[in-house]
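K.L.:
From just these sequences and the hints, can you work out the full model?
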Amino acid sequence: MTKPLSPLLSPSEVHIMLDALLPPNTYFRFNPYMSEDIPLDESRPERLTFLQEEGTRYLERNEAKLNKAASVLALEKSAIQRLAEWCKLKADMYEGLPFISKL
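For the sequence shown, UniProt numbering begins at 1 and goes up steadily by one.
There could be a bad hint or two in this list.
Claimed, not checked - Subject to a maximum C-alpha distance of 25 Å in a straight line, what follows is the list of computed DSS-like cross-link-like pairs (lysine-lysine): (1) Lys65 - Lys77; (2) Lys77 - Lys90; (3) Lys77 - Lys88.
As the list claims (entries may be wrong) - Quick list of simulated restraints, FRET-style, between CB atoms: (4) Phe50 - Lys90: 17 to 25 Å; (5) Tyr58 - Ala79: 33 to 41 Å; (6) Glu36 - Met93: 21 to 29 Å; (7) Pro39 - Glu63: 25 to 33 Å; (8) Asp37 - Arg61: 18 to 26 Å.
Source of the hints: derived by calculation from the structure; they are not laboratory data.
Built from N, CA and C at the ideal position, the CB exists for glycine as well.
P.N.:
Following this line, the structure appears as structure tokens:
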């Protein structure tokens, strides 16, 4: 049995753990720095324009990282990977169902 992560870990701590434990090119974190705190319910056009500009700057600064993540996601899966995913899907579908049919 695996030990669950503590709910007290910050997102930064989880990032550090995942980055250290997972194989290369399997975990990417995109976490834009915001120069201002803007509430989630902000709707003023000038603030939304500011957010778009911040997003564009982030994408420009992290273009190589974004391209690497996109290339990893676009890789075709091997036959073994597809079979493993199919088996997991079938196991998940039958989880909780009675093993012996009542027919």
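K.L.:
Look at each hint and say if it fits the structure.
P.N.:
A quick look at each hint next to the structure:
1. Lys65 - Lys77: holds (21 Å)
2. Lys77 - Lys90: Holds, at roughly 18 Å.
3. Lys77 - Lys88: Cα-Cα ~15 Å, so holds.
4. Phe50 - Lys90: 17 to 25 Å: 48 Å Cβ-Cβ, so the 17 to 25 Å window is violated.
5. Tyr58 - Ala79: 33 to 41 Å: Holds, since tyrosine 58 and alanine 79 (Cβ atoms, about 37 Å apart) stay within the stated range.
6. Glu36 - Met93: 21 to 29 Å: Given range 21 to 29 Å: violated, Cβ gap about 47 Å.
7. Pro39 - Glu63: 25 to 33 Å: holds (29 Å)
8. Asp37 - Arg61: 18 to 26 Å: holds (20 Å)
Of the numbered hints stated above, those contradicted by the structure are hints 4, 6, listed in ascending order.
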